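Enquirer: Residues per chain are reported as follows:
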Amino acid sequence: CRERRELPCRSSSFETPIKYGRFYCNFIILSQPCPIQFVLSFPPGFPPSCSPSVPLPFTMSHGTTTLAFIFQGGVIAAADTRSSCNGLVACPASQKILPVHSHLVGTTSGTSADCALWKRILARELRLYQLRHGRRLSTAGAAKLLAHMLHPFKGTELCVAATLCGWDGGERPSLYYVCSDGTRLQGELFSVGSGSPYAYSVLDGGVRWGLTVEEATSLARQAVYRATHRDAYSGNCVDVYHITSKGWARRDREDQLQPRFQKSWEAV
Amino acid sequence: MEYLIGIQGPDFVLVAADNVAASSIIQMKQDQDKMFKLSDKILLLCVGEAGDTVQFAEYIQKNIQLYKMRNGYELSPTAAANFTRKNLADYLRSRTPYHVNLLLAGFDETDGPGLYFMDYLSALAKAPFAAHGYGAYLTLSILDRYYRPDLTRDEAVELLKKCIEELNKRLIINLPSFSVRLIDKDGIHDLEKLVPVGAK
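Chain order of the listed sequences is A and B.
With this note's numbering as the guide, the letters of the first sequence map in order to residues 350 to 617.
With this note's numbering as the guide, the letters of the second sequence map in order to residues 19 to 218.
If you are wondering where the hints come from, they were derived from the structure by calculation, not from laboratory data.
Just so we're clear, the structure is a prediction, and the values are computed from it rather than from any experiment.
All C-beta atoms in this analysis are idealised placements derived from N, C-alpha and C, irrespective of residue type, glycine included.
Be aware that a few hints might be false.
Claimed, not checked - Derived Cβ-Cβ restraints for the label pairs, each shown as a range: (1) A:Ser451 <-> B:Leu158: 52 to 62 Å; (2) B:Met87 <-> A:Gly554: 44 to 54 Å; (3) B:Pro194 <-> A:Met498: 30 to 40 Å; (4) A:Trp558 <-> B:Asp108: 38 to 48 Å; (5) A:Gly596 <-> B:Lys211: 34 to 44 Å.
Whole structure, please, built from the sequences with the hints as guidance.
Expert: Here is the structure:
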């Protein structure tokens with residue numbers, strides 16, 4: 350169980366609580382004259398593992414539903430917009446799909462702050478690469494870069510699970526899943542988050558290479574909606590992004606409480 | 019959940035690995051390649067904790083290639099295996115140990131074929147056949163029973179198929195397909211993927 354450590358009063362000196370590199374939190378607490386303040390905050394979206402009134406059958410984490418898949422018209426990325434914090438909806442209108450550059454978009458899952466920070470760091474590094482080498486780094490390269498940047502933090506509280514959806518060099522779409530535990534997978538269909546099993550089951554029955562753009566966006570919305578229906582930590586609206594050779598395009602955010610979503614027996 | 023197997027013959031080594039990349043209860047990918055080519059005649063098969071496998075295997079892969087660039091010749095399988103083990107051992111008692119289980123298979127001009135078993139505690143053993151994963155508990159006795167040092171290539175593939183059928187029958191985890199490769203004096207050959215069909 351994770352304890353909340355209290356900040357002592359303003360008299361003591363402040364050291365930065367951010368420690369880079371892999372280390373284990375337990376030995377940090379000292380009773381010596383110069384204590385190191387270590388502030389642990391619950392990451393939004395983390396399920397209540399400390400007080401399980403009902404024990405979880407398997408480790409569910411990353412309170413969100415995000416998905417991405419490749420089809421003939423490019424890449425579709427979709428996500429819900431609920432940021433949860435141990436049973437409280439901290440923000441019903443958060444943005445879980447963050448553009449990295451004009452042809453690369455990343456879905457985020459895990460700790461919101463970590464994801465936002467590392468996406469910005471990735472965007473910075475990709476821009477530097479572009480300036481130095483005169484061409485954009487491929488999605489595979491971006492995934493490898495992100496995975497290598499996150500690897501030193503393995504074993505810490507850092508929690509980022511992202512899918513990078515991009516269009517490489519005007520030729521083909523590509524999709525990579527990168528996780529802060531070091532996983533890096535290339536694929537054609539990924540769903541991440543606590544709602545991902547529900548989304549997978551809807552997507553596995555419908556995703557084909559030959560989908561039209563309208564069919565693909567509707568399938569993505571349908572999958573997120575079904576996941577938000579069953580998963581408590583996903584909900585509110587759906588964001589859909591579509592990446593083509595011309596770059597990413599964002600669909601209008603759709604509120605899932607609209608009537609057409611609520612007829613569960615009809616395909617939308 | 020993952021499975022690796024290697025069988026050494028008189029002039030070849032046959033290796034196979036499953037293709038599932040899983041996260042919790044979900045199969046995220048069904049065509050993951052767990053074999054890393056260290057050189058023209060050496061393969062490293064790597065399973066274990068999620069990020070550690072790829073990071074460690076790629077680290078070894080790049081270092082083996084660097085050795086070749088610096089010295090003009092490649093490391094032998096024995097040397098590569100010992101190098102890998104040394105790296106595992108060095109990290110074992112650090113704050114960041116790598117939790118990986120490995121099979122290294124290679125063909126040497128002078129020593130012939132070799133199969134090396136390594137585990138996350140950096141044990142190293144040269145063995146005529148070896149397996150990693152829960153599936154190893156089911157298949158090692160099949161290998162004990164039917165292995166002979168003078169297996170032909172077809173007999174080795176039949177033995178591998180026997181092992182995989184047993185996994186298909188008894189292992190609680192569904193492993194839908196296996197990549198198979200063979201190393202001999204001509205290098206690394208990709209064989210047909212094994213896809214066990216039907217419930218027995």
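Enquirer: None of the hints should be skipped; say for each whether it holds.
Expert: Evaluation of the provided hints:
1. For A:Ser451 and B:Leu158, the Cβ-Cβ distance of about 54 Å falls inside the hinted range of 52 to 62 Å, so the restraint holds.
2. At roughly 49 Å, the beta-carbon separation of B:Met87 and A:Gly554 lies within the given 44 to 54 Å, and the hint holds.
3. Look at B:Pro194 against A:Met498: about 33 Å separates their beta carbons, and that is inside 30 to 40 Å.
4. Against the hinted window of 38 to 48 Å, the Cβ-Cβ separation of A:Trp558 and B:Asp108 comes to about 46 Å, which satisfies the hint.
5. At about 37 Å, the beta-carbon gap between A:Gly596 and B:Lys211 stays in the expected band of 34 to 44 Å.
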